[in-house]
Amino acid sequence: MLKKTEVMLFMKEIAMLTDEYLRCRDRFLKEQIKNDIDFLHSVIHS
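Residue numbers in the sequence shown follow our numbering, run continuously in steps of one, and reach 67 at the last position.
Hints are computed from structural coordinates only; laboratory data are not their basis.
Just so it is clear, the structure is predicted and the values come from calculations on it, not from any experiment.
Hints are not guaranteed to be accurate.
[To be verified] In the SDA-like style, the derived pairs of lysine to any residue whose C-alpha atoms are separated by at most 20 Å in a straight line are: (1) Lys25 to Phe60; (2) Lys55 to Leu30; (3) Lys51 to Ala36; (4) Lys33 to Cys45; (5) Lys33 to Phe60; (6) Lys51 to Glu41; (7) Lys24 to Ser67.
[Unchecked claim] Beta-carbon label-pair distances, calculated as ranges: (8) Met22 to Arg44: 26 to 36 Å; (9) Lys25 to Arg46: 12 to 22 Å; (10) Arg48 to Lys25: 33 to 43 Å; (11) Asn56 to Glu27: 19 to 29 Å; (12) Lys24 to Phe49: 28 to 38 Å; (13) Phe49 to Thr26: 27 to 37 Å; (14) Asp59 to Met29: 14 to 24 Å; (15) Lys25 to Phe60: 14 to 24 Å; (16) Arg48 to Lys24: 32 to 42 Å; (17) Ser63 to Glu41: 15 to 25 Å.
Even glycine gets a Cβ: it sits at the ideal position worked out from N, Cα and C.
Using the sequences plus the hints, can you model the full thing?
Dropping the structure here:
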């Protein structure tokens, strides 16, 4: 189980990746960013 501070760090990382995703124009890079976001979500919810 993750500690509260670890969850907060993951959420901050997700927010930064989401911002990158929204600004990105490269389709391949967007897919990689989306995969990273999905992975972080799965870690938080496991």
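Hint check results:
Among the hinted pairs, Lys25 with Phe60 is consistent with the structure: their alpha-carbon atoms are about 18 Å apart, no more than 20 Å. Straight-line distance between C-alpha atoms of Lys55 and Leu30 comes to about 18 Å, which keeps the hinted pair within the 20 Å bound. With a C-alpha separation of about 14 Å, the suggested pairing of Lys51 with Ala36 holds against the 20 Å cut-off. Between Lys33 and Cys45 the CA atoms are separated by roughly 18 Å; this keeps the pair inside 20 Å, and the hint holds.
About 14 Å separates the Cα atoms of Lys33 and Phe60, which keeps this hinted pair within 20 Å; it holds. Taken as a hint, the Lys51 and Glu41 pair is honoured in the structure, with Cα atoms around 8 Å apart against an allowance of 20 Å. Distance hint between Lys24 and Ser67 is fulfilled; the C-alpha atoms sit about 12 Å from each other, no more than 20 Å. With their beta carbons about 33 Å apart, Met22 and Arg44 fall inside the hinted range of 26 to 36 Å.
The supplied range of 12 to 22 Å is broken by Lys25 and Arg46, whose beta-carbon atoms lie about 36 Å from each other. A C-beta distance of roughly 36 Å is found between Arg48 and Lys25, which places it inside the suggested range of 33 to 43 Å. Here the CB-CB span from Asn56 to Glu27 is close to 20 Å, well matched to the stated 19 to 29 Å. About 34 Å separates the C-beta atoms of Lys24 and Phe49, a value consistent with the hinted range of 28 to 38 Å.
Hint check: Phe49 to Thr26, Cβ distance near 33 Å, so the stated range 27 to 37 Å holds. Range check, Asp59 to Met29: about 19 Å between beta-carbon atoms, so the 14 to 24 Å window is met. For Lys25 paired with Phe60, a C-beta distance near 20 Å keeps the hint of 14 to 24 Å intact. A beta carbon spacing of about 36 Å between Arg48 and Lys24 agrees with the range 32 to 42 Å that was offered as a hint.
Between Ser63 and Glu41 the beta carbon distance is about 19 Å. The supplied range of 15 to 25 Å therefore holds.
Going down the numbered hints, you'll see the structure goes against just number 9.
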